[in-house]
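With chain A held as given, fit chain B onto it using these hints.
Listed in order, the protein sequences are those of chains A and B.
Heads up: the first sequence begins at 7 in my numbering, then just goes up one per residue.
Heads up: the second sequence begins at 7 in my numbering, then just goes up one per residue.
Treat the hints loosely; a few may be bogus.
The list treats identical chains as one, so a pair stands whether inside a single copy or across any two.
To be verified - Mimicking DSS-like on lysine-lysine, the simulated pairs with C-alpha atoms at most 30 Å apart in a straight line are:
| id | residue 1 | residue 2 |
| --- | --- | --- |
| 1 | K503 | K123 |
| 2 | K215 | K526 |
| 3 | K235 | K624 |
| 4 | K652 | K258 |
| 5 | K235 | K110 |
| 6 | K110 | K324 |
| 7 | K110 | K215 |
I should point out that these hints are in silico values taken from the structure, not numbers from a laboratory.
Number of protein chains: 2
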Amino acid sequence: MMSTQPHPFDPLSPEEITKVAHIVRQLSPNENVLFRVITLSEPPKRELIAFLDGVGPPPRRIARVHAYISKAFHELHVDLNARGVISNEIQYGKHSHVDTAYMKQVEEACLEDVRVKVEIKKLQLPEGATVIVEPWTYATDGMNDMSTRTAMCWFYMKLSGHTDANYYAYPLDIVAEVSETLQVTKIFRLPSGQDESINDDEKLYDHRKIHTSSEYHPDLSTNKRDTTKPLHIVQPEGPSFSIDGNHITWEKWTMRIGFNYREGMTLHDVRYDGRSLFYRISLSEMFVPYGDPRCPYPRKGAFDLGNDGAGLNANNLKLGCDCLGYIRYFDAWHVTSSGDPLKLPNVVCCHEQDDGIGWKHTNFRTGNAVVTRARLLVLQTIITVSNYEYVFVFYFGQDASIHYEVRATGILSTVPIDIGNQVPFGTVVAPGVLAPYHQHLFCLRIDPALDGYRNSLVVEESVPMPFPSPSNQFGVGYMTESKVVTREQGLDLDHHKNRTFKIVNESKINSTTGTPVGFKLMPCYSQMLLAHPSSYHAKRSEFGAHAVWVTKYSDDEMFPSGKHTMQSLGEEGISSWIKGRQDDASASVGNEDIVVWHTFGSTHNPRIEDWPVMPCEKMVVGLKPVNFFDRNPALDVHVSTQERNKSVLVGEMDSERVEREAQKPRL
Amino acid sequence: MMSTQPHPFDPLSPEEITKVAHIVRQLSPNENVLFRVITLSEPPKRELIAFLDGVGPPPRRIARVHAYISKAFHELHVDLNARGVISNEIQYGKHSHVDTAYMKQVEEACLEDVRVKVEIKKLQLPEGATVIVEPWTYATDGMNDMSTRTAMCWFYMKLSGHTDANYYAYPLDIVAEVSETLQVTKIFRLPSGQDESINDDEKLYDHRKIHTSSEYHPDLSTNKRDTTKPLHIVQPEGPSFSIDGNHITWEKWTMRIGFNYREGMTLHDVRYDGRSLFYRISLSEMFVPYGDPRCPYPRKGAFDLGNDGAGLNANNLKLGCDCLGYIRYFDAWHVTSSGDPLKLPNVVCCHEQDDGIGWKHTNFRTGNAVVTRARLLVLQTIITVSNYEYVFVFYFGQDASIHYEVRATGILSTVPIDIGNQVPFGTVVAPGVLAPYHQHLFCLRIDPALDGYRNSLVVEESVPMPFPSPSNQFGVGYMTESKVVTREQGLDLDHHKNRTFKIVNESKINSTTGTPVGFKLMPCYSQMLLAHPSSYHAKRSEFGAHAVWVTKYSDDEMFPSGKHTMQSLGEEGISSWIKGRQDDASASVGNEDIVVWHTFGSTHNPRIEDWPVMPCEKMVVGLKPVNFFDRNPALDVHVSTQERNKSVLVGEMDSERVEREAQKPRL
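Okay, chain A solo, but in the shape it has when bound:
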């Protein structure tokens, strides 16, 4: 149910998108306008805070537009209230996010290219093989910094006639570089072993590379397990959440959900029991650099948000498949190249989960147990970026905790390797198939508003007290040492010191503990970027250098690798921002409007168990109140009773029945 008057955080409606497209086309009536983005330009925070606090009018509704106007890449801002363009800037040397129409043309151009055909012929592919071209965005490697769009085309072959046969199981030995104008500008022959030497003598696709263990589609894999019995989630009184447009109310939580083409799901004005906690939380960027040093593999480094768009690539979630239980879906709207609204259906699902014991205590003197179960509110979105998928989930707890989970699944990016070879930067996952090492680095942007918009980041460590000393005679004493971070910077995790990052409001003291109210980050301990600081991977990602960053809020700083990551040359990200104002006293972050960024992820050295589709690899980050409330916020959750929960006792008889059934011969 969308209210008639949009809330300032509401994404643009289809009507608004249509209106904006019309305004932009009117601006250039005689030019060819190719729309890439029409999205909400979130109002300046100052204005929005005033509105939220009830002391300001609704901010003007502004759309941000990316469009190619007569082939020049423009960013425009359109005022929907005044119905006019308020800015229009050509983004010289920058590129819009991935253009699937262009990529499709690249594929075709590649396959039609005579030199490509010659190379493919040399490979002597088995009879019946179909060549598949997978174009990738170009990761700057310094060999040529192209101001025009360039695609890297990786080649695979499909042996089966089935449409969903896994072609990643047969990576071919060539790669082509294709230009903006759809010319094949270079063809590389890929190395076949640890160094860059290639193997063009022997027949590469001999029978030893042909195998049957790499299919994942149910049509192609026999031998399905039939032991998993159905499990249903039933909520006879319906779910506990209520939703009004993009406003969600659940168990003392309120928040607004947003969605845009780049970040996908965003959260706004997150409150618990009426108290403000977070102004905005979102995944702000991710980077997947490959560690294979052999040319041209350094060109593999994907900004899946900046280049591809977590919103654009969000899956249309299916009831009962992607989501179990009582599910509410949210749709989103994008724009076609001609300026028409394009529905992205079911991009976010909202539901509840049971999470086991919430809290429990048994009084051993009376034997009386008081136990509650933890209920979670789940907001999930799933994206597909070529071979990989990512599941992004926010979990809200009754105890005022928030957890953000990333699950990596999908198919490994593969390259060819000669049978019998091994390399120290990849795993052979099938005959002739190398899955190179790579990293997945995510950056969660946390814009706090703990009881107000002026917050501080505190670093706290647990340290042994000096020993021997009169105040620590037995050597067992330890204490915490806390320090407010006053300058913008990147910081690292150290579990050896129990280093804890707290976001606090220094002007709001908890009356019982005597300390500032706060939330602490429960980080995901991860290795940071392995690429050399002088490499393009490092210069382009920046956020991958440290695990926790604090910056002073700026309306313009949403993306820690810069606004445009496509073929970027780097030095436009979070450490560059900080460096640029290191002598600026106003960039202090003590008791200011701050943003905290957490970089985490995985150094993904593939296992064969990740093949052909990897079981979800989970990474979890948490935010928990620390001396923010006056006691356990979930204390008022009702005790758990069988009357309400209706569990079923499985007796020995049932087990026997189950066993008998398990022993029945299967058809």
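For chain B alone, coordinates are given in the frame of chain A:
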């Protein structure tokens, strides 16, 4: 359904316990025999392996007995087959685990002691206050190393007449030391601020300390939330597991569940798809040292397994309260002091959970998505140790992963503090109530048997390749470096290097990857023990010094802080074992029968949100196959369908209905 012939891993049956008690009593017919333990003495591993491999007979069934025979602490071994005592040793200078009957006597003796009465009178407690004495085991602090049992009695008061009023909200300012013979040997007045000075001038329990926010029992707390709608787990075809006695079969997994008074739940002979993975997994010890340096608080340091027993303190789990869904329970048997079998009902629950997306891939060329949901098998036990509770859970995945989760909940251990005071080693959680900082250190004992009993521990790190160098021209290359650990030792975690601990079978090479088959530890990054190495806390815990330990298997080395932790003096644990054989060439751990121990936990600096009962704090450890199988072991899980999962779409109308209901006035 218990088979008539017990499996060598089966815990003793009640009949066996009765038989053993009879044999022991016959040994000393004229002596007073007080039984503490009659438990299975697990067969020597060599014999059991032969039996499991089908090349040896069932090992002799042996019981281990702890008993006070005419007040001397004996350990006996009784052969159930031969019906005879095969060993009988007095444990000089050692003490059995906590004796609740003695602790009850200590409480009473304390309250009857004249000097205690005088001290209590001095405190001028409010009218109607009931004094509660909470006896704790004595943590050696070097002030006196008592060869006889000693208890530390902490005092609280209960103001409400309700049996489950939270007396931890009113810690009193005295503590008493009570002897084996029930004499109060010392009374301490507790400090009231940061140093050890005490406050005996003013009236301590003035109205400012009396408050109403610390109750957790539903009878005593008004203001319950009524927004949480019921959520049921329904399995119309029953659960997917089958159970035969202590043998569990589920989704290609087989294992035997064990249970003993000390470790609680244990797992044995864990296999996946018929392949051996782990010989035994259990929580082997835990230690809760307090960081408050003021005398006599260094005497707070609890070995909740060695002193109290995770098995003995296991909760009787309740259907629909502790466990949701289709639940199968396991009982355990202990012994009364007179030698009768004592049933510990419902100490472990077994059920299934849905765990969201298992794996997913969408072919972007065809739009076809293949998605599976992850199902988990859950084995849960919950213990209460005085104020705290711990939830211990094993999760088995269809992808051959195992996760072990500890949830800490319950009530913080509290001490008094003067109103207005603060200390750097504790948090004031209610008026006059200090929750001192402390650590929870757990040690998971992992006895691997990956495709056989000779395994190795490998340490692998991900390191940047040298740059600049011909083989890393672009500075993006990284590789792994692996090292087999050949000597017994303790090792530390380092996420900066993505340091990974793999257990491998060096003699079994994965035919595709060309590397040894293995499982990797997904550690829980935690701060190790903060107490000074020369402190009793450190000397007694030992396992708390490092996160990962590897030792050569020994039948006698089950408990990494030693066999008897009650009032132990230390230097009986894992580092002492290793030190004792550092010059012993046969203690090599490369390609040997090894045990891997993982120490993890939390530095628990309480939040006020942990009061009065803390929301579960989760700690998770994982074990995942790494190049053990030939592909994703969950690849054969059926795709997820709405037909099977029967989810329900929540439409806008439903949300409106929910809103209307939420707005109805409540009675």
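Hint-by-hint comparison with the structure:
For a Cα distance limit of 30 Å, the shortest separation of K503 from K123 qualifies neither inside one copy, at 59 Å, nor across copies, at 44 Å. Taking the closest pair of Cα atoms, K215 and K526 come within 30 Å of each other only across two copies (28 Å); inside a single copy the shortest separation is 51 Å, beyond that limit. In this homomeric assembly, K235 and K624 come within 30 Å of each other (Cα to Cα) both inside a single copy, at 24 Å, and across copies, at 28 Å. For the homomeric pair K652 and K258, the shortest alpha-carbon distances inside one copy (25 Å) and between copies (29 Å) are both at most 30 Å.
Taking the shortest alpha-carbon separations for K235 and K110, neither the intra-copy value of 42 Å nor the inter-copy value of 49 Å comes in at or below 30 Å. For the identical chains of this complex, K110 and K324 are intra-copy neighbours only, at 27 Å inside a copy versus 59 Å across copies, given an alpha-carbon limit of 30 Å. Within a single copy, K110 and K215 get their C-alpha atoms as close as 28 Å, which meets the 30 Å cut-off; across copies the closest is 73 Å, which misses it.
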